[in-house]
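Got chain A; can you put chains B, C and D on it based on the hints?
Chains as they are written, first to last, in the numbering used here: chain A, 1 to 319; chain B, 1 to 319; chain C, 1 to 319; chain D, 1 to 319.
Hints may be right or wrong, so weigh each one.
[Said to hold, decoys possible] Heads up, incomplete: computed chain D residues facing chain B, CB under 8 Å, no partners named:
| hint | residue |
| --- | --- |
| 1 | Thr45 |
| 2 | Ala48 |
| 3 | Lys259 |
| 4 | Thr260 |
| 5 | Leu261 |
| 6 | Ile262 |
| 7 | Arg264 |
[Stated by the list, open to error] Far from chain D, some chain B residues (derived; all Cβ distances over 10 Å):
| hint | residue |
| --- | --- |
| 8 | Ser257 |
| 9 | Thr260 |
| 10 | Pro263 |
Hints in this document: simulated from the structure, not taken from any laboratory. Note that the structure is a prediction, hence the values are computed from the model and not measured. C-beta: ideal position from N, C-alpha, C; glycine also.
Single-letter residue listing:
There are 4 protein chains.
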Amino acid sequence: MVKMKKLRIAVIGAGFWGKNHIRVLSELQQAELVAVCDVNEQRATAIAEKYGIKPYTSSRELYKKESFDAVSICVWSTELFKESMEALNAGKHVFVEKPMASRVEEAEKMLETAESAGLHLTVGFIERFNPAVVRLKKAIDEGEIGQPVSATGKRVSKWPERIGDVGVVKDTAIHDIDLMRYIFEEDPVSVYARAGSLRHRRFEDYAQVMLAFPSGKSAFLEANWLTPYKVRRLTVTGSEAIITIDYITQKITIETSNKTLIPRYEWKEPLKLELQHFVESVLNKNNLIVTGLDGVKALKIAEAILESAEKNRLIELSL
Amino acid sequence: MVKMKKLRIAVIGAGFWGKNHIRVLSELQQAELVAVCDVNEQRATAIAEKYGIKPYTSSRELYKKESFDAVSICVWSTELFKESMEALNAGKHVFVEKPMASRVEEAEKMLETAESAGLHLTVGFIERFNPAVVRLKKAIDEGEIGQPVSATGKRVSKWPERIGDVGVVKDTAIHDIDLMRYIFEEDPVSVYARAGSLRHRRFEDYAQVMLAFPSGKSAFLEANWLTPYKVRRLTVTGSEAIITIDYITQKITIETSNKTLIPRYEWKEPLKLELQHFVESVLNKNNLIVTGLDGVKALKIAEAILESAEKNRLIELSL
Amino acid sequence: MVKMKKLRIAVIGAGFWGKNHIRVLSELQQAELVAVCDVNEQRATAIAEKYGIKPYTSSRELYKKESFDAVSICVWSTELFKESMEALNAGKHVFVEKPMASRVEEAEKMLETAESAGLHLTVGFIERFNPAVVRLKKAIDEGEIGQPVSATGKRVSKWPERIGDVGVVKDTAIHDIDLMRYIFEEDPVSVYARAGSLRHRRFEDYAQVMLAFPSGKSAFLEANWLTPYKVRRLTVTGSEAIITIDYITQKITIETSNKTLIPRYEWKEPLKLELQHFVESVLNKNNLIVTGLDGVKALKIAEAILESAEKNRLIELSL
Amino acid sequence: MVKMKKLRIAVIGAGFWGKNHIRVLSELQQAELVAVCDVNEQRATAIAEKYGIKPYTSSRELYKKESFDAVSICVWSTELFKESMEALNAGKHVFVEKPMASRVEEAEKMLETAESAGLHLTVGFIERFNPAVVRLKKAIDEGEIGQPVSATGKRVSKWPERIGDVGVVKDTAIHDIDLMRYIFEEDPVSVYARAGSLRHRRFEDYAQVMLAFPSGKSAFLEANWLTPYKVRRLTVTGSEAIITIDYITQKITIETSNKTLIPRYEWKEPLKLELQHFVESVLNKNNLIVTGLDGVKALKIAEAILESAEKNRLIELSL
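Looking at chain A on its own, in the form it has when it is part of the complex:
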């Protein structure tokens, strides 16, 4: 009997989202969770005990003492770059949570480092793995909506207090930024945006964005941390039909001239599908669905959005 190869992996950052990574990785057959690292010792110890893994409070220490293949990095946005570089320099394949880094320059450095070291580097654009998005992409690719004309992404909810080092564009709208490139299979050529802050002290808490694509398509993005009713929806309008998904319920609705169709599928946890893909891609040396370059481009667009909003002018993009 051949023993299945498993990817040995550690998680850096055991906050709200890191805990989800740990839970999901512990359930994946092809992954072997080896350690967790968190600056908060109590948190690291508690979670390590629960999952029977080793706790660390310093990633440097982790790399020195443990032998493993990959890390998932779930720290604050401001720490993503430092932790990723350390992991890449330690020769680890890296799954880094969005927004990948605080600034484009950092993200580019990460990408370069990973490429020259021949390491896998992916970014946590989890929505690409959302079954509703997968089906929407498939429906569009199969011509079900005719020629795509425009897309509208809405992502609003009350301010998640745990996020204090980044605004709604880089934290939240970035999912839709990435998705628009993914769905239209084009890079936007210009961006116009409005953003501001109604409640947040340091960062923008709402943004409205229009992205223009070379083929003539446009995308509207709307994100805020104001509206207390959580909405996560995407609508793509085509020459023949309109397709709408709800990221939360994973419901997909296709409206054509003579019917409304709601295919029914089993709900699946996007994080599980996302981490499974990362684990398998590294193990099998396959291409990643989300590349480091996707992360760099999304960050470039996010920065253009913030610049456009600040200067109230159209920003041209050359990705």
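Same frame as chain A, now just chains B, C and D:
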């Protein structure tokens, strides 16, 4: 017994929409339909017979022979200016269908003429009279959605073959252009738009528009003559709730953090409410809900949209 | 040129519903509306004037003076028998509104009379002509829901004050009684019912009914004049899918294991389809979709329902 | 510091549903899971290992060797009586899954035994703890729908292969049977039912039931193991409004004359609420929401349903 004063009115243009005007005016208690004018003699005669009114094929003739107070002008966009000027010069109060005129200069001339003659001039922005819009406006004014942040208007359907002299922006999106000013009670300060033609020979058949308002609010407008499933929806997102209306069913949905509320009202024909308001405003010398200035401003924004799309740049507005 | 044959028809009863008959008949190309008869002279005259037809206050007089082929009878339930007999005896084809008559014996007499005179006799089971019902029947016949197992009809609304001579079973539930026979293509063999009055003085204003069919299928009927929110829905559950229609919006929803499908159709006025069918059937000597026998059977079931509710026992039917 | 009192509990039966009991009990702060018992040794051992508890294959052995307060019994319907009696005779408080026992006589014996021994006995009517039912009951009690008139429960899905010792009435419809008594706060006085088998070899796989209540209210129940689309819905119609819940999504919809209201609540796991209530009631010697008598009555009604269907007659009940 005091006899109720009635507004004597004629309709210019007996095409698809003009016929609706005639039907509705014939049902209004305060209006007395006196004549119809259409370049197509057969059409003029047929409709005149049905409603027991006088047919004309020339409006000049009409003004010479009949005595009345007001006209409703439902001709092609390219003829709206000429017919309106003729009516105003004949001393008639004017209800002119949108887009009011082909160009801003014409609309301004009409406004000037009406003002100096002390005549009522209104434009057919029928959606302001849609009960769903009335309730949405009231809900916003009463603070039900908190502070408005953004609005999205979607208006798509297959190309109405009867419209051949104007594109989707001036014909269709113009409703949303007007509504955004009405709902936000502000004039936009800049516009960025993308538009093009997938099927139409002469004019744009799709447009995506972003309007920026001085207070920081934004509006997305999406209009096309491509998607065969007819959608007419407006969503306003506020700091406390999201409100959505369907112009066709007049359904209104308010989503807050702890409930979805769908108030139920009787469906009412917007055209009837709109013409009734015009008739009463003229009879009672009251202010109009839609002024000639509203028409001029909407046309200015429409032209800025087309310019933005053509030059791919942000257009600043000074209304 | 051959002149199209038209059915000359008169309407007896110009109340709320009779007025609708008159309006619709006036629009049908194959019908020629000749007269209206109503005991209320003012009402008869007003409506006759509007449609350019002759007014009568006595149907006897009408039959004596006018020459025509058919009548539509829209009087109170208690008068349906008398008026129908008079019409049949005068040699007219008869469209009689539901519930056809006050009692089964009367209905049977009408049926007999029509049959021996070779006259068309139909009953106003308008829902059979509702496009949503037509589609539901077609979907079931084509096997889209597998084997039908059960059906549930709900028909509730506040008490229509104009109805004072009959209870909710014979007035309202009778539509569903007829539809269950029509959809299942079987006659029920037993009925169990509960009914009572919460607000109405003389008649039952709510009823819950269970009909058993020989094949094992069952139907639940629920009707009341209490609930102020008007609901008119039918659900048929099959071994493979569930199909639901809303009679008012004519929306049809098919739920299978892997999708919800909402076909989209143009809304059509059931009364127009119903009267058109009557007119054409008489003109072309075709079979009627709703026969006099259908009317008799529905009335028998309605009476069994009332008996079951009164005696609180199961009533066996032998139709 | 006072140490919190915990209820020591064991689970009998580690099949599909027993595993859920074990998982939930392991999460309850006031419960201490001590052992699991299953005739399948491998299954018992595997689950015991996962939760760090003791495995048994004989409940007799379990009662001899372990010291604890209560059991939750999740075995096949045919074994519920035997296992419950053994537990009660061993002096344990008992949570027994529905349908409580195979026959009324057994259930009555269990009730008697528990009462004379002063032990808590409850039945797994989990839907009473479904937050949607709790809210529906509250809404009705607070008069939001006026006077309740009727209720309709629909519970259909494809045949769950794991259930082979009982039909759809005692397994599935029994939830609605219990709920109707709970919601109307009355015992039904008669039952009429139709049931049969389209696919199942030994037991009925569909049933339609009408329950009559002394106050005049009625309930329709519909259950089957045929329709592949899983539906679990309850509608209560009142003199002022209609309230509908979906047991699965826990969505609640209230339709009144002037609005549709969908209150939004957090989804909660009914099994957790149910077991928590059992644990707390035993610990604090409080009354149970679902009593053994409720179980006996539900079983009596279920048997009356089967008798009615078999003999095709109305069965009078005297609960």
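Results for each hint:
Taken as an interface hint, threonine 45(D) does not check out: its beta carbon lies about 47 Å from the nearest beta carbon of chain B, beyond 8 Å. Given the 8 Å rule on beta carbons, the hint for alanine 48(D) is violated: about 43 Å separates it from the nearest Cβ of chain B. For lysine 259(D), the shortest C-beta to C-beta distance to chain B is roughly 5 Å, which falls under 8 Å, so the interface hint holds. The interface hint given for threonine 260(D) holds, since its Cβ lies 4 Å from the closest Cβ of chain B, which is under the 8 Å cut-off.
Here the hint on leucine 261(D) is kept, as its CB sits about 6 Å from the closest CB of chain B, short of 8 Å. Contact between isoleucine 262(D) and chain B, as hinted, is supported at the beta carbon level, the nearest pair being about 4 Å apart and thus within 8 Å. Taking 8 Å as the C-beta cut-off, the interface hint given for arginine 264(D) holds, the closest approach to chain B being about 5 Å. At roughly 7 Å, the least C-beta separation between serine 257(B) and chain D is not larger than 10 Å, which violates its mark as non-interface.
A Cβ of chain D approaches the Cβ of threonine 260(B) within 10 Å, the least distance being about 4 Å, so the stated non-interface status is violated. With a closest Cβ-Cβ approach of about 5 Å to chain D, proline 263(B) is found to fall inside the 10 Å limit, against its non-interface label.
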